[in-house]
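**Student:** What follows is the residue order along each chain.
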Amino acid sequence: MTQQSLGEFEELVLLMVAALHDEAYGVAILEGLEEKLKKKVNISAVHVALKRIEDKGFVKSRFGGITEDRGGRRKKFYVITALGKKILDNQYALRTSIYQQIPKISFG
Amino acid sequence: MKINPPKRPLQFLRWFCREDYLEEIEGDLTEVFKKQAQSHPRQAKWKFAWSVVKYFRPEFIKSFKNYQPNAYGMYKSYFKVGWRNLLRSKGYSLINIGGLALGMSVAILIGLWVFDELSYNKHQKNYDSVAAVLQNNTEDGKIETWSSQSYQLGPELRNSYGSYFKFVVMSSFAGNSILAKEEKVFTMTGCFMEADGPELLSLQMMKGTSTGLKDPSSLLLSASAATVFFGADDPIGKVLKLDNSVDLKIIGVYQDIPDNSSFRGELAFIAPLEVLVNRGGRNFGWGNNWLQVFVQLAENVDMQQASIAIKDAKMKNVDGDDKRFKPELLLHPMSKWHLYSDFKDGVNVGGRIEFVWLFGLIGVFVVLLACINFMNLSTARSLKRSKEVGVRKVIGSGRGELIRQFFIESLLVVSLAFIFSILLVHLFLPWFNLIASKNIRIDWLNPSLWLALFASALFVTLLAGSYPSFYLSAFSPIKVLKGTFRVGKYAALPRKALVIVQFSVSVILAIGATVVYQQIQFAKNRPIGYELNGLVTVPIQTQEVKKNYHVLRNELLASGVIAEVSTSETTVTNLWWSDWGYEWKGKDPNSPGHIYRGAIDYEFGKTIGWKIIEGRDFSRDFPSDSSAFILNEAAVKYMGLKNPIGENIRSLGRNYTVIGVVEDMVTQSLYESNKQTIFVLDRFDRANFINVRINPEAGASKAIEELNRLFVKYNPNTPFEYKFADDEFAGKFSFEARVGKLVGIFALIAIFISCLGLFGLASFMAEQRLKEISIRKVLGATVSGLWQMLSKDFVIMTIASCLLAAPIGYYLMNGWLQQYEYRNTISGWLLLIIGIGALMITLTTVSFQAVKAALMNPVNSLKSE
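Protein chains in written order, with my numbering: chain A, 1178 to 1285; chain B, 21 to 885.
Read the hints as simulated data drawn from the structure, not as lab findings. Where hints are given, some of them may not hold.
Said to hold, decoys possible - To give a feel for the contact side, a few chain B residues facing chain A, derived at Cβ under 10 Å:
1) TYR41
2) VAL52
3) LYS74
Claimed, not checked - Per the computed footprint, the stretches of chain A lying under chain B, defined by three or more beta-carbons under 8 Å from a beta-carbon of chain B, are:
4) 1203-1210
5) 1224-1232
6) 1244-1255
If you're wondering where the values come from, they're calculated on a predicted model, not measured in any experiment. Virtual Cβ for every residue (Gly too), placed ideally from N, Cα, C.
Please work from the sequences and hints to get the whole structure.
**Tutor:** Okay, here's the thing in structure tokens:
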């Protein structure tokens, strides 16, 4: 498991997939990220990240229905897998544990 | 406002993107684009394009390396569907394949023939640099072109124009000579040539050398001639006796002359020209033309240039009479010997090349006819395929795929036809060779032959398949599937036009064949002025025949099977000797006095059975007959004599009296007017032929047997040869007969193919209108009425094509007839009869289907709905 790496942007996308749960598809993820990050993100970047984390087995996908404004193309929904959840937990635990080692010095 | 993503970037995306990602990516991109486009349409477009570019990275690009359109499966399916279609409608398939196979085999045979014609002399190493020297002479204001030259020309060309030529070779015209090795005596055709001849003709030596002909006692033999005399033994150094006079030593053996050579059958042996010269009896002046002269150009000399340079070589050296003919020399290159051998007014005007074009065109047209069948049947049956086209289109087939599919179907048909045509060609080649008098063999292992065959098969596929595939693939799927599909009012128009083209071509061919046939018949039935049947000529090849002639004659007459025997200089079927300078009272001083001459004996007239119309025949009772002439009607006309009998004519310083006029006889070409001819008793022992009239009561075979026996008895050293005059005569129109036969066969095949197509169309029409016919029948239509209804269209088409073909055929064939002086005319009746014939054939073909449809029980077709 340890060799499974997760880039920063990938982690964000994975988090967003987990957060959106069952409603996560390209454009929803994009919009969620843009809202949180407060900056423009290119859709292609989202897709690249999605493909990578899917290859690593952190998410799985299925096709949804057709909507009018997609030019007749179906949505592809992503759901986080158990493995994905575990890696998020690990990341979170890792960061928290290191964070807690920060001496309580005043930065003021 | 509805805005769509920009087209080009989207196309680009679809082109490079992996199929499994495309759905999601395109969808998301479009969604983003639409959201943006509501506020900033222009920006959104740029953004879209930019995003697309960003996807252009390895993860998203489909693997082009392993990209397979998987067309294999599709093509396999095309073949399968095509094959099933063939099997489903066996009748049409048979018509298509049969017609195409027939057309293609005709085309292949013609192609082989054309190729053979074009390959004439090409095997010669010096093909491009060898030429024959011809001369143009102006006679009675007309320019005549001859190939014969005088003995003076060779040395003159060598001495004064030597820089132009590598070789100048004088050669006799091919003639028969007797070659003998002890008891083996054979007559063979060969030439007497100067020493450089074999090299100029690039003869392939098998044994010995070709350069020794300078020795006047040497001889070259062809391989087959050598085998005749020596079998497997080595002939080099052996001696043969030529014409019972000289012994010649064989110094070389060359390979037989190939069939496609201008010297075909003419060079069984080559003897030195000196042998002929030493024999005597030849004149060596500039005016005595009895040789042919060949030249090979020196390197870097242009044929045209050399031809112009030697133009006056003869004119400079002649005087008096010969100068009046204004002889001009010219070169006739070997590349033109075979196909461009006709001269008119001193200019080369073609020749056999016309037949190459004629047959080539016929071949193309016959294939075209078969292709038209294919096109017509395919488009006529389009209604049946239209649903298939509709469904294919709905499922996603593009027009390109459909076109490909229909092309593959035509490829299937053409391939099958191609296989059958190869079989047919193989089967009919010997027969074709017989008719065309060729010896064509097919080298099946020759790759370029196959290349040509495949290329032409492909061409036929494209030709036959193009129209149907574009036509069928153009159907609109909605119309077809909704069932409102109507073949428009004019949909049948191109089909009708094609049928008219088909029938016009067939009718033109039929007119051509009939006119050629009629012309031959016309010439055959021409009054020839003598009795052909039972006339036999025997060549006088040796002195012993001449010596023993009178004994032989007496014995022959005594045998009872022979009615009369005589001698003459030339045979009556080919009287070619002519002289200039005859003088008579009232002669136009400008006339050259050019008259043909037959040197004969007392019994000649009786032997050939000529008809004296004025005066009398030669007779031993009148000693003065040794200086008497008998004229033919044409000569009387030529001289402008009112009362020919008793007229005085001067020739070569002697006076002759006309004692009789004989009816015109066909002594040369059947197609030319009769030549002015005089007959004179042979005082100079010029007799070359014995003419024998078989007693009609005795059978020909018995007479020949007796003739043979007595001839050999008195002339043991001369091979007995004879020719029936009517065979010789038949040779005069053998070429025309051959052409007529071939055109006739092609015309029949063309008509047959056209009828096949018509048959198919008619049966299709009947099938399509089955319900209509049934309802009409139920409502009381008669069989004859239905028959009329179904046949009407075809009859109109046939009449239209006859109207089209008749003037074209008339124009073409009238032009062809112009080349003959003695020619038939094309009567309107002939055209009418051919037209009616075409109509009858059409009606028979169509009626078969029409009557079948009209006789059918209407219940059978109506009960099903």
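**Student:** All hints are to be evaluated individually against the structure, with a verdict given for each.
**Tutor:** Outcome of the hint check:
Look at B:TYR41: its Cβ gets to within about 7 Å of chain A, closer than 10 Å, so that hint holds up. Contact between B:VAL52 and chain A, as hinted, is supported at the beta carbon level, the nearest pair being about 5 Å apart and thus within 10 Å. At its closest, the beta carbon of B:LYS74 sits 4 Å from a beta carbon of chain A; the interface hint therefore holds under the 10 Å criterion. Judged by the Cβ-Cβ criterion of 8 Å, the stretch 1203-1210 of chain A is covered by chain B as claimed, because 3 of its residues qualify and three suffice.
Only residues whose C-beta sits within less than 8 Å of a C-beta in chain B count toward coverage, and the stretch 1224-1232 of chain A has 3 of them, enough to reach three; the restraint holds. Only when three residues or more bring their CB closer than 8 Å to a CB of chain B does the claim for the stretch 1244-1255 of chain A stand; here the count is 8, and the claim holds.
The structure agrees with every numbered hint stated previously.
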